[in-house]
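Asks: Spelled out from the first residue to the last, the chains are:
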Amino acid sequence: MIEISIDLLIKGIGVLSLILAILSIYILLNGAKENAVSRKKERYLQSNEHLWYRYFKDEVPLPAELIPKDDAEIQAVEEIFFSYVQNLSSPIVKEKIRKFSNQYLWQHYLKLLSSKKWSLRMNALYRVVSFEIDSLFDECKKLEKRPVVSPEERYFLLVIRSVFDGAGFMEEFTKLSTDLSEYEYKKLLIGFDSEVLEQLTCQMSDFPEEYQYYFIDVLGIKRNLNFVPFLESNLYHENVEIRIRSLKAINEIGIVDDLDKYKVFLNSPIWEERMMLAKLLGAFPLEEVYPFLEQLLQDNNWWVRSNAARSISHSKDGKSRLERFIETAQDRYAIEMAREVLGRG
Amino acid sequence: MSAIADILAKIFGGFMLLYMGLVVLTYTGMLFFSFLEMRKQHKLDKSALDEDYSDSFYSKPLSIIIPAYNEEVGVVDSIQSVLNLKYPQTELIVVNDGSTDQTQEIVIEQFRMKKIPKVVKEQIKSKPIIQVYQSEIHRNLYLIEKENGGKADALNAGINFAKYPYFCSIDGDSLLDEKSLLRVMKPIIMSNEEVIAAGGNVRIANGLDVQLGAVHHKKNLPNRPLVLMQIIEYTRAFMMGRLALAKFNLVLIISGAFSVFAKEWVIAVGGYSTQTIGEDMELVVKLHRYLRENNVDKRIEFVPDPVCWTEAPESFGVLRRQRRRWHQGLIESLVRHKVMTFNPKYGKIGMVSFPYFWLVECFGPLIELAGHIYVIIAFFLGRVYFEFAILLALLFILYGSVLSAFSILMETWSVNVYGGTKNFFKLIIMSLTESFWYRPLTLIWRCEAFIHVLLGRRSWGHMKKVGLSKNPRPDGSELSK
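These protein sequence lines map, in sequence, to chains A and B.
For the first sequence, the working numbering gives the first residue as 1365, with consecutive numbering after it.
For the second sequence, the working numbering gives the first residue as 157, with consecutive numbering after it.
One or more hints might be untrue.
The calculated lysine-lysine pairs, modelled on DSS-like cross-linking and capped at a C-alpha distance of 25 angstroms, are [stated by the list, open to error]:
(1) A:1680 to B:271
(2) A:1612 to B:216
(3) A:1551 to B:454
(4) B:504 to B:403
(5) B:270 to B:335
(6) B:335 to A:1550
(7) A:1509 to A:1475
(8) A:1397 to B:504
(9) A:1586 to B:403
(10) A:1680 to B:270
(11) B:271 to A:1551
Hints in this document: simulated from the structure, not taken from any laboratory.
Work the whole structure out from these sequences, hints included.
Replies: What follows is the structure in structure tokens.
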């Protein structure tokens, strides 16, 4: 029995070694092919990069040699396009890239979109979005109907919809279920104009709870003054998370006028609300809000104290106020905090 | 008498065959699984997709902690490498853990650090902080001077000081690719915070060109067999351990050299443990334990991209100490949390990870070493044993050399970190020799760890230094096998 096993094992190892050898050769050939492709790509880049630049600057009409002839040159063109799309957003250049891709690259991506390989489809989807290849929109919609659509693809398909079919997308957006991650959802929202977001504020309460949070966050990120009334209307919301996030968003926008709306948070049992208030008070003239900040500076929560101290120190005569506070106050922790903030400035 | 010996020898031989057979099957399974994963991502244009994440609106701010103990040689390079990272919002905290050399002076001078008064909220216990400095050149660069307490203690002090919700620990002598942080944070950002920790793939930088904290690869690998062997080992650990384990949330070790954690959870479990040698594994086990005990549905991930570069030991002495230390850390963590073994309360971690780590990673070296000795003895005894010996030896070769060679193949096909035909051949040929010298050596070193554990040898003073300065655990659960 053992002899048979030895025999079997030796054969097994022999077969494995053979596979190893064959795979090694395959990998080497593959590597050589890839090297050839990247050399070709380099050559294209070297000879045409400047020409692309001149074409984008409207100095020359589209020269024929820029049209890629094979995969290596397509890769080179992609690299040039990405460097423009990701670093510079001139509408003229973007339009040129859009036109060129729609005319000369779409067939390449069409092939990739129908590929069985997930990674190739992903690459294609990302390029459809980045280069705005609208001629492939219908093809992308077909992808949605595949029996299995990965979450990553689903997200890109949504983005593609938002880019090429704004109205249809809005309808779909308000009905989105909760399968997008925070990152994806916010990224979609950020792409909207402020007017669209303002329209959405009326529908926010219909969104799933988490999406409501992300929505408020994005309003803060947008830093648009027009959102403040809506955010302030949420300050008395029954959901704590919505209250805190609204405070945070208002703080991001950084402009508040009516102090009375915020005073309730001074004695809130939730420290995050007091902390956000401490931050927010920094936006008011110090003499108006100093008593409140002094109270928060002596709060039992470290984060509240820390933000109160910082808000005071940001004002013009904040430093002298803090120095006076250190001399007269009893609260050791508050004094320490005041000292720290002073030293930092 | 000889009849009894005969039976015992046969039983042991049978057990060894069974054990090795199982282990080879397990690893082949994991290798195959990794192949499926790598195939899925093959040709995915990651560098284009990375751009998508580098927007500060959505990326989570991150504190980077570099513990440093007597690192006057490498610390500036480390800091430079971190300052070069592509990530929208970070702060960099260098923790000088009571160095006795010029570490602190060099950092202060190089980055024009100025003292600042700062109250640090102690959320995890750590040795007192003496002074905090802030750089005048890079306002987000801080230096904490504290009393010596070991690497774990230094990291805890860094966590207390950190102001962002995520932190990343980097060893003083590691270097990162500029996209490392983006890549390692991606699972956290994309998972809606379901992922609370992510480890990166650590690679060896010996012989590669390092300038201003950036690694320029595509160079010829060094010729030293010991370094080449470690490169193979790290690759193998990744291909046959991490990737598969991570997929099922079974990872017990993510590299201390480069990993990101959600601060909240690390504070909840009391931070890094100062009582164990392998604080990186200990933290991950504590996190898993905490999650299961509190019924929280969170994950710990492993990122396949090669993102962190480290210097591997080039001498047998240093390597031996390193391996002994790693294994000692592994044993200690497993013993500390032994209640989790086969405990259904801890789900897959208790039922799969722990038994696997005990049997294959922890006791594996003892069993394997016994197997090697058996092969040698049986060879001389002749008769039936001879065949046993050959069979077992072949299994060892299959296990050590062939699987390693396949790992190298897969790595070249998928990520191809080291590049070049010459490097490929160097690695493949070297990997085939693994069973004949490197593997037995590391087995002996790891078995020494048992003696150290049994004798209660901690040799703290020395350990602290080793832990901080050189050679982070690469990533491989496989390595501690």
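Asks: Holds or violated: are the alpha carbons of residue 335 of chain B and residue 1550 of chain A at most 25 angstroms from each other?
Replies: 22 angstroms, holds
Asks: Take a quick look at whether residue 1680 of chain A and residue 271 of chain B sit within 25 angstroms of each other, Cα to Cα.
Replies: 24 angstroms, holds
Asks: Just to be careful, I want the Cα atoms of residue 1586 of chain A and residue 403 of chain B compared with a cutoff of 25 angstroms; is the pair within it?
Replies: Status violated; Cα separation ~37 angstroms.
Asks: Checking one constraint from the list: CA of residue 1680 of chain A to CA of residue 270 of chain B, max 25 angstroms. Satisfied?
Replies: Measuring from Cα to Cα gives roughly 24 angstroms; hence the hint holds.
Asks: Is the hinted pair residue 270 of chain B and residue 335 of chain B satisfied, with a Cα-Cα distance of at most 25 angstroms?
Replies: 29 angstroms, violated
Asks: Under the criterion that the straight-line Cα-Cα distance not exceed 25 angstroms, is the pair residue 271 of chain B, residue 1551 of chain A satisfied?
Replies: 40 angstroms, violated
Asks: Can the restraint linking residue 1509 of chain A and residue 1475 of chain A be considered satisfied, given a maximum Cα separation of 25 angstroms?
Replies: Answer holds: residue 1509 of chain A to residue 1475 of chain A is near 17 angstroms, not above 25 angstroms.
Asks: Just to be careful, I want the Cα atoms of residue 1551 of chain A and residue 454 of chain B compared with a cutoff of 25 angstroms; is the pair within it?
Replies: Holds: residue 1551 of chain A and residue 454 of chain B sit about 23 angstroms apart, inside 25 angstroms.
Asks: CA of residue 1612 of chain A to CA of residue 216 of chain B, is that 25 angstroms or under?
Replies: 16 angstroms, holds
Asks: Can you confirm whether the C-alpha distance between residue 504 of chain B and residue 403 of chain B stays at or below 25 angstroms?
Replies: 12 angstroms, holds
Asks: Given the hinted pair residue 1397 of chain A and residue 504 of chain B, is their Cα-Cα distance within 25 angstroms?
Replies: Violated - the C-alpha atoms of residue 504 of chain B and residue 1397 of chain A are around 44 angstroms apart, more than 25 angstroms.
When each numbered hint is compared with the structure, violations occur for hints 5, 8, 9 and 11.
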